[in-house]
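J.: Residue numbers (the numbering used here), protein chains in the order written: chain E, 62 to 467; chain G, 62 to 467.
No lab work stands behind these hints: they were computed from the structure.
Computed from a predicted structure; not experimentally measured.
Every residue, glycine too, gets a C-beta built ideally from N, C-alpha and C.
Do not take every clue at face value.
In silico DSS-like cross-links for lysine-lysine, where the CA-CA straight-line distance does not exceed 25 Å [as the list claims (entries may be wrong)]:
hint, chain 1, residue 1, chain 2, residue 2
1, E, K402, G, K124
2, G, K138, G, K124
3, E, K73, G, K138
4, E, K161, G, K322
5, G, K334, G, K138
6, E, K198, G, K161
7, E, K206, G, K138
Beta-carbon label-pair distances, calculated as ranges [claimed, not checked]:
hint, chain 1, residue 1, chain 2, residue 2, range
8, G, K161, E, E74, 48 to 56 Å
9, G, E405, E, H467, 43 to 51 Å
10, E, D287, G, E163, 23 to 31 Å
11, G, E405, E, K322, 32 to 40 Å
Protein chains: 2
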Amino acid sequence: MRQSQLFGRTKKEVPRDEESINARFLIRGGFIHKEMAGVYTFLPLGLRTLNKIENIVRDEMNKANAQEVFMPSLHPKANWQKTGRWDSFDVLFRISSQSKSEYALGPTHEEILYPLLTHYIDSYKDLPVALYQIQTKFRDEPRAKSGLLRGREFRMKDLYSFHATSQDRDAYYEVMRKAYENVFQRVGLHAVETKASGGTFSDISLEFQVPNQFGEDTILLCTHCDIAINIEIAKENTCTRCGGSLSRTKAIEVGNIFPLKTKYAQDFHVSFKDKEGKEQLVAAGCYGIGTSRVMGALVEVFHDGRGILWPQAVAPFRVHLMGFPGKEKESEALYVQLQSKGIEVLYDDRQEVAMGEKFADADLLGIPYRLLASEKTLQKNMVEIKKRASQEPEFIPLQRIEEYIH
Amino acid sequence: MRQSQLFGRTKKEVPRDEESINARFLIRGGFIHKEMAGVYTFLPLGLRTLNKIENIVRDEMNKANAQEVFMPSLHPKANWQKTGRWDSFDVLFRISSQSKSEYALGPTHEEILYPLLTHYIDSYKDLPVALYQIQTKFRDEPRAKSGLLRGREFRMKDLYSFHATSQDRDAYYEVMRKAYENVFQRVGLHAVETKASGGTFSDISLEFQVPNQFGEDTILLCTHCDIAINIEIAKENTCTRCGGSLSRTKAIEVGNIFPLKTKYAQDFHVSFKDKEGKEQLVAAGCYGIGTSRVMGALVEVFHDGRGILWPQAVAPFRVHLMGFPGKEKESEALYVQLQSKGIEVLYDDRQEVAMGEKFADADLLGIPYRLLASEKTLQKNMVEIKKRASQEPEFIPLQRIEEYIH
């Protein structure tokens, strides 16, 4: 992609109505545009990164034998009344239609998926079922001041699993825990598994918390082994696993997994006939990842004073080619060569922009590898590569670039 | 994918609350599940087809140098008041938040994109801009009885282009017209270019209409050349291009393109400095395709009494492998071979289902090619292939299957 054509230019001024680091850098870099508190448009660069995060999530969910579906955002009021959440869900958006029907605007999808299941589950042979979607969610948050960390409208992967026995559910819960570890490892986040409250519908939950001073949660992190406990439910002063001491830290919750109690199954009569022909309620779990929040958390964790430092797997482009005045021919040639290798490249071909500004923009955008073409390097089939403007460059053979930037 | 594992089984009974052919077959086939009138969940098979349609649309928009963005569904009331559509848009969903703010639930996105543009456009050098998204839209339709043809919540690609002059816009309008022709040709629909009213914000529009008895529109189709005129604006009795006679026919509108007048640009002051430094309003166009409606239209056009007949490009799988009792070993071997070739295959490995039922299900699901494995064919490295249960089979070499099913 030629940067001269890219929609969403960089801005020098810090947005005055944003407190969070992620919103400030993402807006200045042209990744997102603020519509109102907690509501953003994803511009081309931002959508690329969001898609990369969501495709990693999708890949891990598919590997765990879950099947992707797409549920609606308009939910019948009756479903939410059945679970009691029409009145009790504190951040539910409620809508009235012309025909006087009322709808909930989906903040989560138990109220859709449980009743749907009753149409497809009769026997233990129809189980297990694991369904997920990656979708926009709506929550009427009173305060939305943390950029992508807390949205009124945000992106989420939600998965629901259904099993004949709670033992089967517990086994799948472990599969999901591993899948979550893989997701966060692949996007580049260190997410600590944190015991937390299960709320009304579960005895306990496991949160994936990224330690960060701007997180809204407080966790007690074991200084010895890599687990934590949410301060909401902490009763001990030492780690329950290794006895190590606990350190109080702020953290960003990027995912959570719940073994559900049977409340929803009862509300919607989601039952099946077991091997003996006896009617049983399904055992279930639910599993969420806030994909746009993951994007915000990445910026909170990976930045310096100049801008973002994306991990390679989620960077909007794999390399950033810096066009140099007087070296247009060489830069164009390198751009063509990189594209022919199938490498996603952002090519700063802007003619009227000074090199200092190009480097400042590159530091803001945070694509991990930036390349420079010169006559000398190209003649030798070499590329000059560096990770940050201030860093010393390395020279590597063009044919080995894919190993290097992987 | 093993059919024994696929979520969303087929149903014999015709859904009583659905009149439309597309909803009846799509629900019976397990492609979609009805939540309420005009609101559906896409089950795994249905989501596969929807994704294929949307990826074809995405590919053609990218080829036309448009850039993908993702705008929110919650729109500030003030934006809709500025265009006057807060009160005049007849199917607008309006929401109140806890903080007493009011939002529109996006049925279209002029009210978001025009004000956004003012932050990124100063000079004629910043133009042209073409941005699109593929996204869920919301419309408070009083009657939603046509399955995927008219939803309260539905999928849509909307593209907006901005230019320094109306001549530039007209040139891009032609590029889009061609892109639309490509989209409909690739998904397998014969969509007739139909002159239609431009509504309030345009002098004229071009609709892409699929002649079909269950369409909600009426067009006058030239019996000689392949164009039409919407009856809403028809003044002549003969074709304006060739003088041929016009035939009145029902049709499904699957897309439309509008050269916009300057109303929105005025409302939001979307202007730029031209080469002489003079302030000018942008010229704009907007271009929509209802991607879920395209899916419904495909079923209305391509079906027989037994079920759907998907065009290959949008079929949920490329081939349907029918497991035969006693031929499990051969079927499994063929399944592995097809997968190793990267062919998307739905493998009916269900043990307890009679062959007659398997064939009936295959006719309902409508994957264009169905394969059978037998000892004889596999020994010769051949595959038995047919398009419909009633058809005579052909025998083709396994290594040539990709040519055959393309």
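J.: Is G/K138 within 25 Å of G/K124, Cα to Cα?
T.: 35 Å, violated
J.: Within a Cα-Cα threshold of 25 Å, do E/K402 and G/K124 meet the stated pairing?
T.: 19 Å, holds
J.: Mind checking the alpha carbons of G/K334 and G/K138 for me, to see if they're no more than 25 Å apart?
T.: Status violated; Cα separation ~29 Å.
J.: Verify the CB-CB distance for G/E405 and E/H467 against the hinted window 43 to 51 Å.
T.: Given range 43 to 51 Å: violated, Cβ gap about 28 Å.
J.: Between G/E405 and E/K322, does the beta-carbon spacing fit 32 to 40 Å?
T.: 38 Å, holds
J.: Taken at face value, is the distance from the CA of G/K161 to the CA of E/K198 at most 25 Å?
T.: 20 Å, holds
J.: If you draw a straight line from the CA of E/K206 to the CA of G/K138, is it 25 Å or shorter?
T.: 20 Å, holds
J.: Below or equal to 25 Å on CA atoms is what counts here, so check E/K73 against G/K138.
T.: This hinted pair is violated, its Cα atoms lying about 29 Å apart.
J.: Take the C-alpha atoms of E/K161 and G/K322, compute the straight-line distance between them, and say whether it is at most 25 Å.
T.: 35 Å, violated
J.: Indicate whether the distance between the beta carbons of E/D287 and G/E163 respects the range 23 to 31 Å.
T.: The hint (23 to 31 Å, Cβ to Cβ) is violated, given that E/D287 and G/E163 are roughly 46 Å apart.
J.: Does the Cβ-Cβ separation between G/K161 and E/E74 fall within 48 to 56 Å?
T.: 31 Å, violated
The earlier numbered hints that this structure contradicts are 2, 3, 4, 5, 8, 9 and 10.
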